[in-house]
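*Asks:* Keeping their order, the protein sequence lines are chains A and B. The first sequence: position 139 = 139 (the UniProt record's numbering), numbered continuously. The second sequence: position 160 = 160 (the UniProt record's numbering), numbered continuously.
Treat each hint with caution, since some may be false.
Examples of chain A residues toward chain B, derived with CB under 8 Å [what the hints assert, rightly or not]:
1) Asp35
2) Ile68
3) Ala131
4) Thr135
5) Gly256
6) Asp257
7) Pro259
8) Asp265
9) Val267
10) Glu268
11) Arg270
Rather than coming from a laboratory, the hints here were simulated on the basis of the structure. Beta carbons: idealized from backbone N, C-alpha and C, even for Gly.
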Amino acid sequence: MGEAIKNRYEFVVLFDVENGNPNGDPDSGNMPRIDPESGLGLVTDVCLKRKIRNYVETVKEDAKGYKIYIKEDVPLNRSDREACESLGITETEDKKVTEALKKLKKSDKDVDIKLRDYMCDNFYDIRTFGAVMTTFVKASLNCGQVRGPVQLGFARSIDPIVSQEVTITRVAITTEKDAENKSTEMGRKNIVPYGLYRVEGYISANLARKVTGFSEEDLDLLWEAIINMFENDHSAARGKMAVRELIVFKHSKELGDCPAYKLFDAVEVRKKEEIEYPRKYQDYTVQIHEEMIPDSVEMKRMI
Amino acid sequence: MGIGVKVKVWGDYALFSRPEMKVERCSYDVMTPSAARGILEAIYWHPGLKWVIDKIYVKNPIRFTSVRRNEVKSKISASNVLQVYNGADKPLYLSTKEDIVQRASLILCDVCYIIEAHFEMTNKANASDNPGKFKDIIMRRLKRGECYHMPYFGCREFPAQFCLCEEKEIHTSYDTVPEKDLGFMLYDMDYSNPDEIQPMFFRAVMRKGVLDLRNCEVIR
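With the hints as extra help, turn the sequences into a complete structure.
*Replies:* Printed below as a string of structure tokens:
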């Protein structure tokens, strides 16, 4: 693993959706998330982190140091506990394992920190986003919380979105009983005809250096994952999604050179004036006001 | 009294969880003193200083919105990690299909506060440290927008933008409201005994949009 990053970063990601549902709202029957007051579409931070994890898992295939802790679609065989022999613990019940470990803890006070570092070294998502661990030593490691350097906000659409309900039919009937009295089943899809979303993120070099060891190589992988986060995520529900811009601001120092909002304000995304209903990316203009960015901050458009 | 600072903080969303409603999280009406301390510590902290929050000005009207998300319900089990660490060959991950739970959060939107705070020196300060030095560092960071990590309003997905407050006369959305009782709120956690961290509460009364925390009675 390389050395931890030495610069603070901020980044802006623009992504769009065409005839799809970027992020369903469990509160309203899986309709696209909408800010009820402004009508702007929302995509939660955790939704995007999921895509980043999935991309890293796909390309790295659990290579050493790039495992993913929070997985989707895996068979669950954690009950398969045969593994304590290396510790000299043969019990298979959780309680007894814990008891045996408690003894170990007395002999090794730093066991929590060692385990945290082990997790950070092996798991890309923990190194990047952090995680919460239940620790052995009460109140140590700040209640087991590991803050990762990468922090994401909610994504919001530039303009209000409309959520359209599309009713579909299928000819295959699920149950025998239903098949007796009907020949089609109706289903519903919720789509956004078009939406351009913007999300802002932050990377703290201090947390990388002092806690998780998030390195330059990890950073490159993060950019790659952000750029490609929808490329391996096609599904019937998502429609056409793509990352359109990844604008990265690299500060010259660990602590940064200027407030984050000043950099974000420098990125102006606007619907073209003659367009009434945006339906494609070309209906928008992205303008970066370079005069608002301090000279010491390096700006890079990654796409 | 140490040396005071005024910091303006704002953001799109905030979630200061009420401890009594933290499964389906519900935010307090305003920022808690402990969240304000966390924001200041994200900007600058040193073992030699301790932040004390004096006042919180509520600049924007209190408004809520709700977000329901798929969340993972379990934490990483340290004993599992230890087994793998020691060479055991077993899977180490969480399956979101299995461990999923849907939780709603009632969050504040479009918030803006001014935190008035001061710091006190602790006995962990180095011999060369003095309040003036700390003050200079803090002011420099506030002016340049430097921070240790990006501060946030309660949860990390709700980043808090910050700047030095230059307003001479601070107006709030509640200038004309003489008194608004917000009930008991979390003041902070008492970390003096690391084996037994205790919450502390206070009776929050917002007077003309200002939560005055000086001389407030803290209840354990």
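*Asks:* Minimum Cβ distance from Asp35 of chain A to chain B below 8 Å?
*Replies:* Interface hint status for Asp35 of chain A: holds (7 Å vs cutoff 8 Å).
*Asks:* Taking the closest Cβ pair, is Gly256 of chain A under 8 Å from chain B?
*Replies:* For Gly256 of chain A, the interface hint holds, since the closest Cβ of chain B sits about 5 Å away, which is under 8 Å.
*Asks:* Closer than 8 Å between Cβ atoms is the bar; does Asp257 of chain A clear it against chain B? Give me holds or violated.
*Replies:* 7 Å, holds
*Asks:* With a cut-off of 8 Å, does the beta carbon of Val267 of chain A approach a beta carbon of chain B closely enough for the hint to hold?
*Replies:* 15 Å, violated
*Asks:* Hey, does the Ile68 of chain A contact hint survive, CB to chain B under 8 Å?
*Replies:* For Ile68 of chain A, the interface hint holds, since the closest Cβ of chain B sits about 7 Å away, which is under 8 Å.
*Asks:* Using Cβ atoms only, decide whether Asp265 of chain A comes closer than 8 Å to chain B, and label the hint accordingly.
*Replies:* 10 Å, violated
*Asks:* May I ask you to test the interface hint for Thr135 of chain A with respect to chain B, counting a Cβ-Cβ separation under 8 Å as satisfied?
*Replies:* For Thr135 of chain A, the interface hint holds, since the closest Cβ of chain B sits about 5 Å away, which is under 8 Å.
*Asks:* Minimum Cβ distance from Ala131 of chain A to chain B below 8 Å?
*Replies:* 6 Å, holds
*Asks:* How about Glu268 of chain A: closest beta carbon in chain B under 8 Å, or not?
*Replies:* With Cβ-Cβ at 17 Å, over 8 Å, it is violated.
*Asks:* Taking the closest Cβ pair, is Arg270 of chain A under 8 Å from chain B?
*Replies:* Arg270 of chain A check fails; min Cβ-Cβ to chain B is 19 Å, beyond 8 Å.
*Asks:* Given Pro259 of chain A as an interface hint, is the shortest Cβ-Cβ distance to chain B below 8 Å?
*Replies:* 3 Å, holds
The structure does not agree with the numbered hints 8, 9, 10, 11 stated previously, though it agrees with the rest.
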